[in-house]
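Asks: Below are the chains, spelled out letter by letter.
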Amino acid sequence: MITPVQRAAAALLVLLVLFAAVGPLAWPDHAAQDLSRFLEPPSLAEPLGRDHLGRSVVARLAHATRLSLLMAVLCVATALLVGSLAGIIAAWRGGWIDTVLHGLSEAFIALPALLVVLIFSAVANGDLWTLYVGLALAQWVEYFRMVRSRSGLVLAGPAVEAAGMLQLGPTHLVRRHLWPELRPLLTTMATFGVGSSVLALSTLGFVGIGIRPPTPELGLMVTEAFPYYHEAPWMSLAPVLVLTTILIGLLSLRNKEARL
Amino acid sequence: MNFLPPTPRAPAGPALRVMRQRAIQAATVVLLVSTACFAIIQSLPGDIAFRIAAGRYGYDQVTAASADTVRAELGLDRPAWQQLLAWLGDLLTLDLGTSLVTGASVAGELGLYLSSSLQLAAAALAMALVAGATAGVLAASRPGGVLDRLTTLWVSGARSLPPFLLGLVLILVFSVHLGVLPAAGHGTAGNIVLPAVTLAVGLSGLFARVTRDTVAQIRQSDYVRFAATKGLGGGLVFLRHVLRNTGVTLLPYVGVQLLVLIEGVVVVESLFAWPGLGHALVHAIFWRDLPMIQATALALALLVVALNTVVDLGTLALDPRPRRRELVL
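Top line first, the protein sequences correspond to chains L and Z. Each residue of the first sequence is one higher than the one before, counting from 1 in my numbering. Each residue of the second sequence is one higher than the one before, counting from 1001 in my numbering.
Next comes chain L alone, as it looks inside the complex (with noise of 0.2 Å):
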């Protein structure tokens, strides 16, 4: 079932997440500056180099790729898990909880995630909490309507109805007769909302609202790195590189029915 090109998606993705776990631990400074070493090219001791700050580039990108991976897993992760209970309680309950629920997807449904998140870090400076509330809020909605509208078949079913006869309980519901009916489909939405999330912390920071300059982040490196283009490319090719190996790497990894 797995194809070459999933495995060797896998194996790039693996590598990147290796790069952002150790690379923060070997070069574990990227505020350092050192002037007189400004827009170093590429060399054994500084692979991509240092910026227009003489900061090194390879540790800038290290700790900008881990954050970046972090900051989606948890987003995706609280979106999952709070669109999906949400989901159920509402199929399971339905009522004034469903039509609460319901109306408020409808107006989310609506919502471009970017201006959720926009309008969600006009209250801070770029502070993490903020964009990792609004991303997480901008996500919830696509896991909330998927299991709502799911559960709500699975829950009207003969095999839940026996297993309520045979009174075995709201647990044994949720992980016999809902989750395997869910799992696959939440998987390849989780894989591509992680996807989405990197790009979309990548694009607030490129726009200047995202993330604030000290600390890197892949869309800020590629800003920063974008006046120096013609001195030192490799400064802004780096970010670009992590940035598409996530994306592609993530879409490679699904399965050919799921693409599009």
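The set of hints was computed from the structure by calculation and includes no laboratory data. Some hints here could point you the wrong way.
Said to hold, decoys possible - A short list of chain Z residues far from chain L (calculated; beta carbon distances all over 12 Å): (1) LEU1085; (2) LEU1092; (3) ALA1107; (4) GLY1111; (5) VAL1137; (6) ARG1142; (7) PRO1143; (8) VAL1146; (9) LEU1178; (10) ILE1192; (11) ALA1216; (12) ASP1222; (13) ALA1227; (14) VAL1248; (15) LEU1313.
What the hints assert, rightly or not - Rough simulated footprint, nothing fancy, chain L against chain Z, three-plus residues with beta-carbon under 8 Å: (16) 1031 to 1037; (17) 1157 to 1170; (18) 1261 to 1269; (19) 1285 to 1296; (20) 1303 to 1311.
Model, not experiment: these values are computed from the prediction. The beta carbon of each residue, even a glycine, is placed where N, CA and C say it ideally should be.
Following the hints, put chain Z in place on chain L, whose structure we already have.
Replies: Showing chain Z alone in chain L's frame:
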């Protein structure tokens, strides 16, 4: 645009239902965005009465007394929920306030931003549809051929290249190296090319993919084979049977992609300094210009709802078959 010709083909019932559902959605969106903006104001540090007093009388003239006057006059000492109701009431009377930065009326500036955003979105959508649908139809004529595989490559390429990077690449190639197109600005015809192309590339790949799959599927269908059997020419079959049925699938898909388009508009406008809603929103957030944040965010969200309504009505007009559930996302 009249998507509802009073012909028997498009009965008023489903169209009215679509409009009602979309109207409810629009109202919820307005409530949500506006309440969020109100919450932001409430959570800002410092006393808002002092800020407004400073804005009115100048920073040197602010005293506790003048702040008290402002507070009493604007009712800032009322409980939060009463202020929220007043805030929403202002919105209901279309009073969007004045920009904290320029001092101009927000509603006046909004029209300008809206029209340039619409220009950009329309140009990008038209380009994406034409390019994507053409590529899809051509790819479907020979499944597995060179063009088909090229389309697949295009789709995954467009997916993995975020709009801001694509925009940067286009600027580098066409503005910096070739020098044929301006990188930023607004006013001349050449200005819209790069931002619109940036947006269109991402969308067109997906449109090509959907068109290709749909056309390939429709070509296999019984009614197309029957039309060919009864002697209709290839061109007529394509026009009357394949194209319209493709539209039935493609149009709702365009509706799904509208969110991507509007997100792209925000990014691309900031990148190319295109004076639209997204550009204004990003700047308003940068300057904490709350009336402007609210107005632009509302406009963007309502734009999504409005465009979705158009798509829904268009789908109904294209495919008037009765259905159990409306295609409302």
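Asks: For ARG1142/Z, is the shortest beta carbon distance to chain L beyond 12 Å?
Replies: The claim stands: ARG1142/Z keeps its Cβ more than 12 Å from every Cβ of chain L (closest is about 20 Å).
Asks: For the stretch 1303 to 1311 of chain Z, count the residues whose Cβ lies under 8 Å from any Cβ of chain L; is that count three or more?
Replies: Holds, because 3 residues of the stretch 1303 to 1311 of chain Z bring their Cβ atoms closer than 8 Å to Cβ atoms of chain L.
Asks: Residue count check for the stretch 1031 to 1037 of chain Z against chain L: does it reach three with CB-CB under 8 Å?
Replies: holds (count 5)
Asks: Taking 12 Å as the cut and beta carbons as the points, is VAL1248/Z off the interface with chain L?
Replies: Correct as stated: the minimum Cβ-Cβ distance to chain L is 17 Å, above 12 Å.
Asks: Does the claim that LEU1092/Z lies off the interface hold, with its Cβ farther than 12 Å from every Cβ of chain L?
Replies: Correct as stated: the minimum Cβ-Cβ distance to chain L is 17 Å, above 12 Å.
Asks: Quick check: do three or more residues in the stretch 1157 to 1170 of chain Z have a beta carbon closer than 8 Å to a beta carbon of chain L?
Replies: Our answer is that it holds, as 8 residues pass the Cβ test (under 8 Å) against chain L, meeting three.
Asks: So GLY1111/Z supposedly isn't at the interface. Is its beta-carbon more than 12 Å from every beta-carbon in chain L?
Replies: 20 Å, holds
Asks: So ASP1222/Z supposedly isn't at the interface. Is its beta-carbon more than 12 Å from every beta-carbon in chain L?
Replies: Fine: 25 Å to the nearest Cβ keeps ASP1222/Z off the interface.
Asks: Confirm or reject the statement that VAL1146/Z sits farther than 12 Å, beta carbon to beta carbon, from all of chain L.
Replies: 20 Å, holds
Asks: So is PRO1143/Z really clear of chain L, every C-beta pair being over 12 Å apart?
Replies: Non-interface label stands for PRO1143/Z: nearest chain L Cβ at 15 Å, farther than 12 Å.
Asks: At a Cβ distance under 8 Å, does chain L reach at least three residues of the stretch 1285 to 1296 of chain Z?
Replies: Result for this restraint: holds, n = 5.
Asks: Decide, holds or violated, for the assertion that all CB atoms of chain L are farther than 12 Å from the CB of ALA1227/Z.
Replies: 28 Å, holds
When each numbered hint is compared with the structure, no violation occurs for any of them.
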